[in-house]
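**Student:** Top line first, the protein sequences correspond to chains A and X. Numbered per the working numbering, the first sequence finishes at 188, counting up by one with no gaps. Numbered per the working numbering, the second sequence finishes at 332, counting up by one with no gaps.
Watch out, some of these pointers could steer you wrong.
[As the list claims (entries may be wrong)] Pairs of lysine-lysine, DSSO-like flavour, derived with a Cα cap of 27 Å:
no., chain 1, residue 1, chain 2, residue 2
1, X, K227, X, K332
2, X, K251, A, K73
3, A, K128, X, K246
4, X, K260, X, K332
5, A, K73, X, K298
6, X, K227, A, K73
7, X, K255, A, K89
8, A, K73, X, K225
9, X, K251, A, K89
[Claimed, not checked] Quick list of simulated restraints, FRET-style, between CB atoms:
no., chain 1, residue 1, chain 2, residue 2, range
10, A, K166, X, A239, 43 to 53 Å
11, X, I199, A, V149, 49 to 59 Å
12, A, A56, X, K225, 46 to 56 Å
13, A, S163, X, A303, 51 to 61 Å
14, A, E82, X, K251, 17 to 27 Å
15, X, E231, A, D129, 41 to 51 Å
Hints listed in this document are in silico derivations from the structure and should not be mistaken for laboratory results. Glycine included, each C-beta is placed from N, C-alpha and C at the ideal position.
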Amino acid sequence: MNKRFFWLTISLALSISVSAQNRFFTKTGHIDFFSHTAVEDIKAVNDQVTSFLDIATGEMIFSVLSRSFQFPKPLMQEHFNENYMESEKFPKASFAGKIADLKAVDFTKPGKYQVKVSGKLTIHGVTKDVETIGELSVVGTDKIDGTSVFSVKPEDYDIRIPSVVKANFAESMKVTVQMNYQLYISKK
Amino acid sequence: MKKKFWRLAGIGVLLVISASGFTYWYGFMRTEKPMEKMKADFEISADSLFAAFSAGEKAATEKFGGKILLLKSNIVSVTKDGSGNVTVTLVDPMMGVTCTIDSLEAVKQKSEIAALTEGQSVTIKGRCDGMLTDVKISKCMVVK
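Construct the complete structure from the given sequences, taking the supplied hints into account.
**Tutor:** Below you can see the structure in the form of structure tokens.
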């Protein structure tokens, strides 16, 4: 999956010069996840998300490195990478999908548009079909913002949490995605 | 005999208190070591780093992943996001090396960051997280 994703993103990137008006990207997208229990709140932030959006086809790709999630406590980060995500074995998580109702968005007209997105989410080496609602904000001809909030259950992705600390984790993590896409203009 | 018992018991209690204190500190109070105090594992140019990942991502991730790097390169761009994080792009805007200086560090290094300009040579220290289309370096600070 990682290799397939890499070549997909590279081919998207290389084709940008051919149809630059259609493709937007960010390398500094934001994803955070939040877990609330009576024992503790756990929040981690990743501001290094790479994502592409093709407004002609509605295709979207997101990719994150597990190591780039920042936790308030070093021990949480160590456990996340070593015990739960196994970041050495599964360094990336990704989503590859499509906006289902692309015609609902007028990319020539600034405004906010609710969209339905479906695709394949890969975490910890496990791929699942997912569907969620998001919002695209057309800011201008060269800038689009995207947001979405959805839930992820660690057990769906074979992430094992030891019973001794199970009470510290919510069954579902609230995931918030915020992308600030720019029209890509090659400097080469 | 009684004296020896109390001495041993006292040492035992001290050991338990020390162990509990260490566990509490290690788990709940320990803060991250600042990047300025971290010793670089590798000194490498951003071009060589990207070339290493392009030649073999798995091997490069094993070698550089999680390691502290001292990177030298010319700046392609410097941007700041709404949260105050600063991104310094090296080598190429899309397929290069992306260094993130988080908002707290960016406040500390305000004047160093303000002096960064496109095309200028820079030395940045940070932790290598791996590669997407670009090599990601986080927890960065400007060294020179």
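**Student:** When the structure is checked against the list of hints, which entries are broken? Sort them ascending.
**Tutor:** none
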